[in-house]
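A.B. asks: Respectively, the protein sequence lines represent chains G and S. Residue numbering for the first sequence follows this note's numbering, starting at 139 and increasing by one per position. Residue numbering for the second sequence follows this note's numbering, starting at 182 and increasing by one per position.
Please keep in mind that the hints were generated in silico from the structure rather than gathered at the bench. One thing to keep in mind: the hints can contain errors.
[Claimed, not checked] Label pairs and their computed distance ranges (CB to CB):
#1 Thr193(S) <-> Ser197(G): 15 to 21 Å
#2 His407(S) <-> Lys226(G): 43 to 49 Å
#3 Pro198(G) <-> Gln242(S): 33 to 39 Å
Cβ atoms here follow ideal geometry from the backbone N, Cα and C, with glycine treated the same way.
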Amino acid sequence: MQLTEIRVAGFGGQGVILSAILLGKAASIYQGAYATMTQNFGPEARGGACSAQLILSDSPVLYPYVTSPDIMVVMSQEAYVRFAPELKDGGTLIVEQDLVRVSDTNTNKNIQVYSIPATRIAEELGKRMILNSVMVGFFTAVTHLLDADAVRKAVADSVPKSFLDLNLKAFERGLEFGAIALTAPPSAADAELLLEYSPE
Amino acid sequence: MKADPRGVLTGTHFIDGDHACCEGALAAGARFAAGYPITPSTEIVERFASRVPTVGGTFIQMEDELAASITLQGAVWGGAKAFTVTSGPGFSLMMEHIGYAAMTETPCVFVDVQRGGPSTGLPTLPAQADMMQARWGSHGDYEIIALCPNSPQECFDLTIKAFNFAEEFRVPVMFMMDEVVGHMTEKVVIPPADQIEVFPRKHTHKSVEDYLPYGTNGDQVPEMAHAGEGYNFHVTGLTHDERGYPNMTPPVQDKLVRRLQNKIRDAADRISLFEEDQLEGADVVVVSYGITSRVAQRAIEAARESGLHVGKLRLITAWPFPEKKIRELAAKVKSFVVPELNLGQMVREVERAAAGKARTFAVSHAGGGVHRPEDILKVIVEASRCQTA
Numbered sequence: 139m140q141l142t143e144i145r146v147a148g149f150g151g152q153g154v155i156l157s158a159i160l161l162g163k164a165a166s167i168y169q170g171a172y173a174t175m176t177q178n179f180g181p182e183a184r185g186g187a188c189s190a191q192l193i194l195s196d197s198p199v200l201y202p203y204v205t206s207p208d209i210m211v212v213m214s215q216e217a218y219v220r221f222a223p224e225l226k227d228g229g230t231l232i233v234e235q236d237l238v239r240v241s242d243t244n245t246n247k248n249i250q251v252y253s254i255p256a257t258r259i260a261e262e263l264g265k266r267m268i269l270n271s272v273m274v275g276f277f278t279a280v281t282h283l284l285d286a287d288a289v290r291k292a293v294a295d296s297v298p299k300s301f302l303d304l305n306l307k308a309f310e311r312g313l314e315f316g317a318i319a320l321t322a323p324p325s326a327a328d329a330e331l332l333l334e335y336s337p338e
Numbered sequence: 182m183k184a185d186p187r188g189v190l191t192g193t194h195f196i197d198g199d200h201a202c203c204e205g206a207l208a209a210g211a212r213f214a215a216g217y218p219i220t221p222s223t224e225i226v227e228r229f230a231s232r233v234p235t236v237g238g239t240f241i242q243m244e245d246e247l248a249a250s251i252t253l254q255g256a257v258w259g260g261a262k263a264f265t266v267t268s269g270p271g272f273s274l275m276m277e278h279i280g281y282a283a284m285t286e287t288p289c290v291f292v293d294v295q296r297g298g299p300s301t302g303l304p305t306l307p308a309q310a311d312m313m314q315a316r317w318g319s320h321g322d323y324e325i326i327a328l329c330p331n332s333p334q335e336c337f338d339l340t341i342k343a344f345n346f347a348e349e350f351r352v353p354v355m356f357m358m359d360e361v362v363g364h365m366t367e368k369v370v371i372p373p374a375d376q377i378e379v380f381p382r383k384h385t386h387k388s389v390e391d392y393l394p395y396g397t398n399g400d401q402v403p404e405m406a407h408a409g410e411g412y413n414f415h416v417t418g419l420t421h422d423e424r425g426y427p428n429m430t431p432p433v434q435d436k437l438v439r440r441l442q443n444k445i446r447d448a449a450d451r452i453s454l455f456e457e458d459q460l461e462g463a464d465v466v467v468v469s470y471g472i473t474s475r476v477a478q479r480a481i482e483a484a485r486e487s488g489l490h491v492g493k494l495r496l497i498t499a500w501p502f503p504e505k506k507i508r509e510l511a512a513k514v515k516s517f518v519v520p521e522l523n524l525g526q527m528v529r530e531v532e533r534a535a536a537g538k539a540r541t542f543a544v545s546h547a548g549g550g551v552h553r554p555e556d557i558l559k560v561i562v563e564a565s566r567c568q569t570a
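Sequences and hints are given; from them, build the entire structure.
C.D. replies: Written out as structure tokens, the structure reads:
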């Protein structure tokens with residue numbers, strides 16, 4: 139895997155940091171690559187701006203910070219406004235579609251946008267807190283950066299046992315949603331239809 | 182001696198440097214910590230507080246850093262391996278007791294996860310500006326050992342080394358992390374306990390009658406006895422004789438303080454750990470440590486790509502400073518470039534050891550972030566063009 143810079147951002151309580159940990163763990167422990175994760179520390183707790191930086195590579199990561207992200211996952215409008223401009227030309231933007239309104243200003247950078255109502259999907263599955271597992275599944279499907287099995291293992295050994303099944307279900311749901319999004323990158327209207335789609 | 186498996190969390194983990202440091206301490210056999218938690222070191226004792234009861238040990242959250250830094254020494258004299266954890270403002274408060282540990286030859290580890298200073302400074306942001314304080318912060322003449330990890334894996338590996346050095350030389354060891362390394366999450370491999378070498382307490386084998394608490398047996402490091410074992414027992418920060426009793430005369434002072442210094446200096450070659458790369462034929466050598474060594478690597482690679490002969494010397498041990506290595510290199514290279522997250526600390530040591538034989542260039546940074554690799558590259562280019570001193 140080429141050196142890939144990823145930023146995950148949202149507000150505290152959405153599982154922003156855990157999402158980055160899951161992806162980093164999948165890469166470094168279950169896929170034999172290198173991963174370095176740093177998080178922006180501030181006085182915020184739940185509700186405050188929260189962001190994690192993750193660098194994946196086939197060779198050891200030296201510089202620990204993201205300078206020009208290839209992939210960005212944003213789960214709040216505030217995070218979108220603050221971080222989206224730093225996304226690289228030709229980069230990938232993954233958004234929580236109910237919480238982020240993507241403006242046209244990014245389009246001239248040839249950015250590929252993938253949207254998912256991760257929070258709603260998590261709520262449908264019974265617990266809003268698992269939206270990060272949905273997001274991580276979606277990320278896995280649309281970026282092709284990590285083996286789904288590696289990420290699945292990372293999810294399995296990182297979440298509390300009592301919520302294991304739920305998180306795995308959330309991960310699979312995100313994965314499926316991503317597979318569909320890939321075949322037809324959804325407009326906002328399409329996304330509504332996708333949400334109603336259920337493979338079961 | 183092999184590590185006690187109860188403290189070793191064998192496996193492959195994705196954890197930050199703070200947590201890895203805690204696991205290193207547990208693997209090394211630390212069963213006591215006293216601390217006054219402070220950002221960015223808090224996660225170390227937070228983890229220790231939850232982990233240590235499961236392996237049979239104690240964490241005490243103290244009322245302040247003065248109490249923490251002396252309580253741990255009580256635990257050591259009671260037989261435990263012990264440490265404390267802090268950051269700049271707390272490290273300042275611990276200085277008196279670091280001197281006490283040096284004087285009483287109490288083996289222990291002080292972890293300093295460096296943040297921006299002076300004073301309260303930048304609680305959540307990095308610096309490497311406590312390096313001189315680690316060496317000279319307490320009054321009087323003494324020697325300590327200081328190690329600088331540059332990754333979570335090294336936070337684990339070198340914490341064990343820090344405890345081993347502390348026990349072998351009966352000296353306080355400073356574990357000089359920085360906020361980036363402390364809060365950075367990477368893969369950390371913890372080997373099985375039977376693959377971890379742990380230096381046991383230098384406990385005396387002498388009888389109660391024959392034992393002298395500060396008697397040396399030729400190797401400059403006295404053997405210990407613990408409180409409550411029946412040995413005559415007296416520990417004082419006052420200048421003391423071999424019995425441990427105060428004896429405040431110039432000859433006793435001279436003998437004691439020189440021994441405290443020489444036990445480290447005479448072993449400096451063995452304690453001085455560094456990583457070197459392409460020093461042979463180098464015109465410029467970049468000397469760095471901690472997180473800056475990783476940032477500098479990018480600049481080194483860019484400089485090499487443009488045809489410059491750049492070597493790398495990464496200090497794993499900061500104190501005792503590897504002056505012999507620098508002296509040898511100074512005779513062969515044009516210049517040294519020393520990037521660090523302070524306004525010039527270890528660079529002075531490089532300059533001193535180079536003794537005018539090679540030029541020394543600082544790449545200073547006031548802290549709060551890391552260098553931009555291009556800023557280091559600029560100085561490497563400048564240093565490669567300079568006339569030999």
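A.B. asks: With reference to the structure, classify each hint as holding or not holding.
C.D. replies: Taking the hints in turn, this is what the structure says about them:
no.	hint	in the structure
1	Thr193(S) <-> Ser197(G): 15 to 21 Å	holds, 18 Å
2	His407(S) <-> Lys226(G): 43 to 49 Å	violated, 60 Å
3	Pro198(G) <-> Gln242(S): 33 to 39 Å	holds, 37 Å
Hint 2 alone, counting from the list given before, is not met by this structure.
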